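Please work from the sequences and hints to get the whole structure.
Each chain is listed here by its residues.
There are 2 protein chains.
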Amino acid sequence: MPLSANAAPQVDPTPIFEIFRGSYATEILTAAVAHFNVFGRLAQQPMTAAELGQSLGVAERPRIVLLTALRSFGLLTCDAQGRLHLTDLAREHLLPGGPFDVGDYVGLAANSPGVLEMVERLRSNRPASHAAGVAFIFREGVVSAMEDEAAARHFTNALAGRAKNVAPVLAERVDLASAKLLVDVGGGTGIYSIAFLQKNPDLCAIVLDRPEVLKVAQELARAYGVADRLQTQPADMFRDSLPKDADAVLLSNILHDWDVPECRTLIARSAASLRSGGQLLIHDVFLNDALDGPFPIALYSAALFCLTEGRAYSAAEYRGWLSEAGLTTGEVTPTLIHCGVLAGCKK
Amino acid sequence: MPLSANAAPQVDPTPIFEIFRGSYATEILTAAVAHFNVFGRLAQQPMTAAELGQSLGVAERPRIVLLTALRSFGLLTCDAQGRLHLTDLAREHLLPGGPFDVGDYVGLAANSPGVLEMVERLRSNRPASHAAGVAFIFREGVVSAMEDEAAARHFTNALAGRAKNVAPVLAERVDLASAKLLVDVGGGTGIYSIAFLQKNPDLCAIVLDRPEVLKVAQELARAYGVADRLQTQPADMFRDSLPKDADAVLLSNILHDWDVPECRTLIARSAASLRSGGQLLIHDVFLNDALDGPFPIALYSAALFCLTEGRAYSAAEYRGWLSEAGLTTGEVTPTLIHCGVLAGCKK
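Here the protein sequences line up with chains A and B, keeping their order.
Counting from 1 along the first sequence, just add 253 to a position and that's the residue number in this note's numbering.
Counting from 1 along the second sequence, just add 253 to a position and that's the residue number in this note's numbering.
Everything labelled a hint here was simulated from the structure, so no lab data went into it.
On a predicted model such as this, the values are computed, not experimentally measured, just so you know.
Among the hints, a few may not be true.
The list cannot tell twin chains apart, which means a pair is met if one copy fits it or any two copies do.
As the list claims (entries may be wrong) - Capping the alpha-carbon separation at 25 Å, the derived lysine to any residue pairs in SDA-like fashion look like this: (1) 468 with 361; (2) 468 with 360; (3) 433 with 302; (4) 433 with 306; (5) 452 with 486; (6) 468 with 353; (7) 452 with 352; (8) 468 with 357.
Below you can see the structure in the form of structure tokens.
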């Protein structure tokens, strides 16, 4: 009897992920207070995000990660002219030398390894490295753990713990009843494709990923009884040609691993893979369009920032790139564990 | 014009402390999942806390810190017979091998420095060491940063950032109008005494602490204009005789630095210092009497556990020790930043 990828969990596991990511709150707050003097700088004069980033010596991606988190913490606000200001909370409690300043208390963690690592990531704009290379992501020219059999299996299976919870909900909420071909770009274990295949008997799927990762996908396709309709295709998604005439292309928790130019490339390449009328499915987390939260996504964005070349993006950012690629977009449909799906339709 | 310690902050700084302590959630969760297999053990059979502690190889203090946090996370419950059970959340998502298990995802942080440090603290039941010795606490025979002038000043001032917010609220909520002598045991900067002195013109205070710490208290007493009524007395609070016939003895954020035997000793010694009808003021944070939260106090308890020989205690625990010392107790009056005051009255 094959396993089912269409049964959703009984209990929402989201709280576990929120508890798990608490360290990023500690690290961002302490880095801002004790290493970057964010509040002291802004007290002298309000600045735009770009001006503050320049003053801090950090690039655009770390700047967005840092400021999104601080805004979600209730410490910074942004006025209509795009200038950042201290909130009353930050002004009273995080301005060096004020009578109710708790900055030195926060600074007690200034030299903890996690904080120092965050500071290094923010300054360098480079992800942390695993012993076998950068984890989770692959691109030509960067040593990646995903090319090493044991490491690729380890990371792929660990990530699948989350994906197995979300996949049934995604397959339930996105209608692929009339679709024939799903292309799953960077599909990992293929669990999202497997859930769609079990839900839609006429569907076939092609999962694209690195060769070592696809070994796991092939095992799962057999265990879930969909090996006859699930094809794996080793690929560098930035360089190799993608299948044509897809009814749907899925980018599930892929774009958050990459910086803006790569996101635009992947969206354009995915759009080119669609037939007319087909849909590009961006399944991911979404920051508020104002890039000021929500709090749990701001922390996850910090995690993504530290571990990959990406961060969390807003629906507005994704809509802009989908529109550039000639796709029309609708609303985000929530799935599970902070995720949702935004579809772009090819005319 | 002297400074005022009677003006409370306009904005509640509590959110900053909750954000700051997020790392303890990450560390406790990951330690429980990836190093102690807490959920796998309890799935085999429910156990009492003592049985689980034995199975984990951890002493009573780390066991309470760990289990209080896991209960506050919604992962464990306790039945009427005192046996711990998995909640539905933990059973579905943290049992190794289950279809919706996210334990391997959590395990991605298993070897981060913060998690490894937490595991070492839990196993050893010993606080982390600063370059100049254990921070924050002093007792005979243990090298303490509080005996080093620069380190003592640094830690004392950093902690005062919190105390300066709380002191005006404490002085407002505890009536010492008819008191003549306040004894402030381990008073640090003396900021709590200073707030009481400014509020109550007939009051005198004696602040007991280590000599290097008291240098800071003397400076503050002058700056706040109460040097004529604030006396400092260098002391080892566990060994040296305390002043007699006090109207009030204050233990403000002191007991949470110490394990149970030291708490009982300090409470007994403080009670002996009181005149008949005087009150012992325990100003501290309070766990729920069931030791199952609240979440922010469970995280603070983990912080105290890692940095000192203590943890957070419940009002029920404090009431037991006050009663042993012959004092009668009332309710906890909240102050600020998770703190409250519990008074014990000497017959």
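Taking the hints in turn, this is what the structure says about them:
no.: 1; hint: 468 with 361; in the structure: between (46 Å within a copy, 21 Å between copies)
no.: 2; hint: 468 with 360; in the structure: between (46 Å within a copy, 22 Å between copies)
no.: 3; hint: 433 with 302; in the structure: neither (45 Å within a copy, 55 Å between copies)
no.: 4; hint: 433 with 306; in the structure: neither (47 Å within a copy, 55 Å between copies)
no.: 5; hint: 452 with 486; in the structure: within (22 Å within a copy, 76 Å between copies)
no.: 6; hint: 468 with 353; in the structure: between (57 Å within a copy, 21 Å between copies)
no.: 7; hint: 452 with 352; in the structure: between (61 Å within a copy, 18 Å between copies)
no.: 8; hint: 468 with 357; in the structure: between (51 Å within a copy, 19 Å between copies)
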